[in-house]
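**Q** Since the structure of chain A is already known, use the hints to place chain B on it.
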Amino acid sequence: MSLVVREFNKCFSELPDCLLEIIFSYLSLCDIANCARVCKNWNRYLADENNDIWRLQCLRKLSEKALKSDLLLSVPTYKAKLRAFYHAWNPLDSSRHIYIKPNAFTLHRNPVAQSTDGARAKIGFDSGRHVWEIMWEGPLGTVAIVGISTKDAILQCHGYAPLLGWDDQSWGWNLVDNYLLHNGDAGNFPLLTNAPKYQVGEKIKVILDCESHCLAFEKNNEFLGVAFTNLPSKKLYPTITAVYGNTEVSIVYCGYPFDG
Amino acid sequence: MDIDRPSDPQVSVVSSDGTMFHTTLKSILLSGTIKDMIEHIGEGGVENMGAIPLQNVDSKTLEIVIKWIEHHKDNIQPTSEEIKDKTADFIDPWDENFLEMDLDKLYNLITAANYLNIPQLLWLSTRKIAMLIKNRTPQEIRSLFNIEDDWTPQEIEAVQKENQWCEEK
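Chains as they are written, first to last, in our numbering: chain A, 1 to 260; chain B, 1 to 169.
Derived from the structure by calculation, the hints contain no laboratory data.
All C-beta atoms, glycine included, are put in the ideal place defined by N, C-alpha and C.
The reader is advised that the hints may include incorrect statements.
As the list claims (entries may be wrong) - A few chain B residues that don't get close to chain A, going by computed Cβ distances all over 10 Å:
no.	residue
1	9
2	14
3	22
4	33
5	39
6	50
7	53
8	55
9	66
10	74
11	93
12	94
13	97
14	154
Claimed, not checked - Where chain B lies over chain A, by a calculated footprint (3+ residues, C-beta under 8 Å):
no.	segment
15	21-30
16	35-43
17	80-92
Excised from the complex, chain A in its bound form:
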């Protein structure tokens, strides 16, 4: 009897990849995440981030156009692209003057006078280390801030204000004057004399380390240093705030930092 059970045991955990592929193709992303935890063989199949299962899941969420766009160059696999999609701007958690474009990664701030408008990403972090890219694809205006916030930070206010970093629930770097903001003020960044200002189209990497509670920035693959320390153990969300009409800002979540 026990022999029969053992033989049976082996069967389903060691299904050949071509059959696992057909079975998994019927499942939702949530079910697939559960399958990855069933046994090592199933996980080994799903660890191939470019296989047909990830391609299928990716195509259910992302258009062919978005998949091929240069925006997603730094997330080469289907799984990484899908993960970036799940971490992109949250249409339900942004100022009413902002809409998220069909690609899901780019926000557009409508031309509204005397308003400051922000957007948060869909997923916040309270553990692990995370990196995401921010690309400002339109003029910065007088205040353009990149950083993080808790769900308690407001995302819209009157006037053209340094909103991200206004209170103790958000932390931001104003790209216009290279200045850090938290609770209203935090100082110059990066700590260089005559540090070059952000040019439209440049890639900023935001690095959040929830283990050592700090936030750092990188520009065009150059590490600029730690900007904030002593971050709280609350869920922290990628956030930006903008003031310029028709400006566009994209976010691409990259996963874990490569370095040690």
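**A** This is chain B only, laid out in the frame that chain A set:
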């Protein structure tokens, strides 16, 4: 119908454990593997060819497969592409009932459908497995399919962290 000259000649197949089964050409042609074999022989050879040995299918499973192909021999079989595109919401009640079998039989049926290349049967039987996986936790899936938990707590935690975002709505 002309009874003297059957348009659907008899064909015999032999299971891995030596049992011979008789079915018809029309039925057995649903198997891509056997179809290729027969095409190789040429149409005329069919009536003179001996029993086809199927070394990867045991008699219990072959009996189930034959039941399915005989029921479906007059249906138009969808192509693999059509099957892939199909969202698979509608299942023929006969098939639904046919698939009511224990999991080791179902496992053998899947591997046989794969070996014999019967796309629609493979599609139906794997779908059945997927429906059993749906909305179940990893532990529930393991106990249902009798799969050994081969993870250390550290390993499983790392996999869970890696895929945590998949559970977001």
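**Q** Look at each hint and say if it fits the structure.
**A** Against the structure, the hints come out as follows:
{"no.": "1", "hint": "9", "result": "32 Å, holds"}
{"no.": "2", "hint": "14", "result": "23 Å, holds"}
{"no.": "3", "hint": "22", "result": "29 Å, holds"}
{"no.": "4", "hint": "33", "result": "14 Å, holds"}
{"no.": "5", "hint": "39", "result": "23 Å, holds"}
{"no.": "6", "hint": "50", "result": "30 Å, holds"}
{"no.": "7", "hint": "53", "result": "22 Å, holds"}
{"no.": "8", "hint": "55", "result": "17 Å, holds"}
{"no.": "9", "hint": "66", "result": "21 Å, holds"}
{"no.": "10", "hint": "74", "result": "25 Å, holds"}
{"no.": "11", "hint": "93", "result": "19 Å, holds"}
{"no.": "12", "hint": "94", "result": "20 Å, holds"}
{"no.": "13", "hint": "97", "result": "20 Å, holds"}
{"no.": "14", "hint": "154", "result": "13 Å, holds"}
{"no.": "15", "hint": "21-30", "result": "holds (count 9)"}
{"no.": "16", "hint": "35-43", "result": "holds (count 7)"}
{"no.": "17", "hint": "80-92", "result": "holds (count 3)"}
In terms of the numbered hints stated before, the structure departs from none.
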